[in-house]
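Undergrad: Protein chains in written order, with our numbering: chain P, 1448 to 1704; chain Z, -12 to 208; chain B, 5 to 229.
To be clear, the hints were calculated from the coordinates, so they are not data collected in a lab.
Since the model is a prediction, treat every value here as computed from it, not as a measurement.
Incorrect hints may have been included.
Said to hold, decoys possible - Going by beta-carbon spacing under 10 Å, a handful of chain P positions derived as facing chain Z:
{"id": "1", "residue": "Leu1515"}
{"id": "2", "residue": "Lys1525"}
{"id": "3", "residue": "Val1535"}
{"id": "4", "residue": "Ile1564"}
{"id": "5", "residue": "Tyr1589"}
{"id": "6", "residue": "Ser1602"}
Said to hold, decoys possible - From the structure, some residues in chain Z lie toward chain B, with a derived Cβ separation under 7 Å:
{"id": "7", "residue": "Thr51"}
{"id": "8", "residue": "Pro52"}
{"id": "9", "residue": "Phe62"}
{"id": "10", "residue": "Gly68"}
{"id": "11", "residue": "Ile69"}
{"id": "12", "residue": "Leu71"}
{"id": "13", "residue": "Pro73"}
{"id": "14", "residue": "Gln109"}
{"id": "15", "residue": "Lys144"}
{"id": "16", "residue": "Ser147"}
{"id": "17", "residue": "Ile152"}
{"id": "18", "residue": "Ile155"}
{"id": "19", "residue": "Phe171"}
{"id": "20", "residue": "Phe175"}
{"id": "21", "residue": "Gly179"}
{"id": "22", "residue": "Leu183"}
Where a beta carbon is used, it is the ideal one built from N, C-alpha and C, also for glycine.
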Amino acid sequence: MTITENGPVLRAENISKVLGGKQILKGVSFTLKKGELKVLIGPSGGGKSTLLQCINFLIPPDEGQIYLDGEEIHIHRKRDLYAYRQKVGMIFQDFNLFDHLNALENVSIALRKVKKIARKEALERAMIELERVGIGDKANLYPAQLSGGQKQRVSIARALAMDPEVMLLDEPTSALDPELIGEVLAVIRNLAQDGMTMIMATHQIGFIRTLADNILFMQEGEIIEQGPPSELLMAGNATRVQQFCAKMNELYEEPEI
Amino acid sequence: MDWSFYAQELVPALNQGLVKTILLIIPSASIGLLMGIVVGTLRAYGHPLLRKLGDGYAGLFRGTPLVVQLFVLYFGLPNLGIYLEPYTAAVVGFILCTSAYQSEYIRGGLLSIRRGQLLATQALGFSRIQSMLWIILPQAVRRALPGCSNEIVYLIKYSSLAYIITFIELTGEGKILATKYFRFTEVFLAIGLYYLIMVTVADFGLKKLEKRLYIPGFGKG
Amino acid sequence: MPEAFLVIKESFPYLLEGAGVTAAAVVGAMFFGLIIGVVLAVLQVYGPRPLGRLAGLYIWFFRGVPVLVLLFLFYFGLFSLIGVNLSAFTSVILVLGMTTGAYQSQIYRGAIESLPYGQLKAARALGMSDWTAIKNIILPQALRLSIPGFSNEYSIILKDSALAFVLGTSEIMARTHFVASRTYQHLPLYVTAGILYFILTWLGVKALRKLEDRVRIPGYSHHQG
């Protein structure tokens, strides 16, 4: 695996968040370099999903700063916030496709209404993205007519169409039937190989082993271990990551990708 | 059967009444729907105090008979020195009542939209207005439409109550004629037929609209 | 308005009696409607095609004509045309019953169609005739599922019953109108009438919710099948 040494794209500093009286994030910091795939793992309830949603301010952090290309993002400047979110793609666990739009419209709506691109151009671009994730033939189907794996691929195409600099993936395969996980992971693998900068929460250990550049292990709102998989997952290293992955492997059988 | 009664008396009278009925329905249905959308949106997303107020309003007008509401407006308000024309009282009563029902459907439609839809728009950089306009409302309207259509059909029928507060529309014209000639069955059957046609046409148009807006699988989850 | 209070205080027992008449009319109409509704629904789902069509025609008619027009049509017209002389009260029960029957049939039909087809198949497999199966297997399930819809229909018919005063039935509205036209206290009196309707709605809905709980089958819900 080659790690291209590039400058930082996204930097999160000291992110804290209290929700419902509970400290979910306790001053989390990390840096995403260009073309890097960072993986967030750890027990559920450890704050992975909250951290990802704090990064694009779907949940506003109580403390901390986010920098994109070295510039701090200010949540109170609405215009800046919307512009920033366009550059940060997000993939949800439960897809959140727009229920009243077909696949093609789902991918093109933000191009047309947010980026104000002409309809024809937007549709062409959307079609390219659908083909890129392998479901060009499903362009006219509505969310209710798609399988879970297809829905998730549409949602990836929807994010890609915005030309994001960074993508946040919040357990993109955990709502899928086991036989559908492979098709989504394959799309993400291609993105990684094409040099997309990504941070992804996941439980797919096999995937992490082969593709992640870096692992962040989160527990109780803190990053307690981090490093490349070659280090953290090496047999004999008594790391928390190692223990956690061993347990996950016992629980789930993973599809080959 | 004497055809001259139908041709020279009944049909002209009912047609005249029909015009009056339509003059009742169109402003009541359109303003009522608009007001229902405003009240329904307030009840779904408004300030807690406005929400309570809206709930109270809807509860009041849905919990009492329309005749009682019309009587309060037409016979009751003069006690406070407010006098309304029969037509005004009828239209105001219909608007207040129908908008209470419409607000219920709009509110239900808005509340049924999953939170993830809003999250996804935010993640894509939609502004609040953009997300309301292109994602939330198109879904809410589709969910509320069957209920709203039904309410419009109800309003067409209940417009007949205007006759009770002396605004002589379709039912009123018919009643006068039936009493004068003592021909109740045929006159009221004819009136019924007028309403049936109005209701069927409205139903057909609204169903057509629903079909145009139909999305496979939408609203079943 | 001390005078208004006096009028309401004095006429309240009289109005309350009217509430009794209203309640009786509505209960009668709802039961009559229940019978009509079940027959129409069964005909529409299981009946031979011509009868199903006929049921559809009935529903179309009663859902398309205003209650006020139906009251006039039957009381002044059709009932005497076929030679029966009915009191206003009976006419109101019959007309409201026929109307709600049309609406109720839609509720029962929806409930019947929501049942899994396997229920009827299993009953037939045990050698039941279709009628036995409908009576003993389908309807007991469908009617339980229909209680919320029935409750809705109750509150609609209760409000429609206020129109009965045009025929001179001495229910809430007629009595209120009578007192108001003598005392000129229209506003307070009609507000009182509104409150009586509110209470009747609340009582009925509450009673039906109790019934729903009482006949509930453990673990059985609308989401089956």
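Undergrad: With reference to the structure, classify each hint as holding or not holding.
TA: Right, here's what the structure says about each hint:
1. Given the 10 Å rule on beta carbons, the hint for leucine 1515 of chain P is violated: about 13 Å separates it from the nearest Cβ of chain Z.
2. Because the smallest distance between the Cβ of lysine 1525 of chain P and any Cβ of chain Z comes to about 7 Å, under 10 Å, the interface hint for this residue holds.
3. Given hint, valine 1535 of chain P at the interface with chain Z, holds; its Cβ is 8 Å from that chain's nearest Cβ, closer than 10 Å.
4. The restraint placing isoleucine 1564 of chain P at the interface with chain Z is violated, with a minimum CB-CB distance near 13 Å, outside the 10 Å limit.
5. Satisfaction of the interface hint for tyrosine 1589 of chain P is found here, the shortest Cβ-Cβ separation to chain Z being roughly 5 Å, below the 10 Å cut-off.
6. For serine 1602 of chain P, the suggested interface contact is upheld, since its CB lies about 8 Å from the closest CB of chain Z, less than 10 Å.
7. Because the beta carbon of threonine 51 of chain Z sits about 4 Å from the nearest beta carbon in chain B, less than 7 Å, this interface hint is met.
8. For the restraint placing proline 52 of chain Z at the interface with chain B, the shortest Cβ-Cβ distance is roughly 4 Å, inside the 7 Å limit, so the hint holds.
9. Because the smallest distance between the Cβ of phenylalanine 62 of chain Z and any Cβ of chain B comes to about 4 Å, under 7 Å, the interface hint for this residue holds.
10. Violation of the interface hint for glycine 68 of chain Z is found here, the shortest Cβ-Cβ separation to chain B being roughly 11 Å, above the 7 Å cut-off.
11. Given the 7 Å rule on beta carbons, the hint for isoleucine 69 of chain Z is violated: about 10 Å separates it from the nearest Cβ of chain B.
12. Interface restraint check for leucine 71 of chain Z: the shortest CB-CB distance to chain B comes to about 13 Å, outside 7 Å, so the restraint is violated.
13. Hint on proline 73 of chain Z is violated. Least Cβ distance to chain B is approximately 15 Å, over the 7 Å limit.
14. With 7 Å as the threshold, the beta carbon of glutamine 109 of chain Z stays out of range of chain B, its nearest partner Cβ sitting at about 31 Å, so the hint is violated.
15. The beta carbon of lysine 144 of chain Z is positioned within 7 Å of a beta carbon in chain B (closest approach about 4 Å), and the interface hint is therefore held.
16. Interface restraint check: serine 147 of chain Z against chain B, minimum CB-CB distance 4 Å, threshold 7 Å, status holds.
17. About 12 Å separates the beta-carbon of isoleucine 152 of chain Z from the nearest beta-carbon of chain B, more than 7 Å, and the hint is not met.
18. Hint status for isoleucine 155 of chain Z relative to chain B: violated, with the closest Cβ pair at about 14 Å, above 7 Å.
19. For phenylalanine 171 of chain Z, the interface hint holds, the least distance from its beta-carbon to any beta-carbon of chain B being 4 Å, beneath 7 Å.
20. Hint on phenylalanine 175 of chain Z holds. Least Cβ distance to chain B is approximately 4 Å, under the 7 Å limit.
21. Interface restraint check for glycine 179 of chain Z: the shortest CB-CB distance to chain B comes to about 4 Å, inside 7 Å, so the restraint holds.
22. With its C-beta approaching chain B no nearer than about 4 Å, leucine 183 of chain Z sits inside the 7 Å limit, and its interface hint holds.
When held up to the earlier numbered hints, the structure conflicts with 1, 4, 10, 11, 12, 13, 14, 17 and 18 and fits the remainder.
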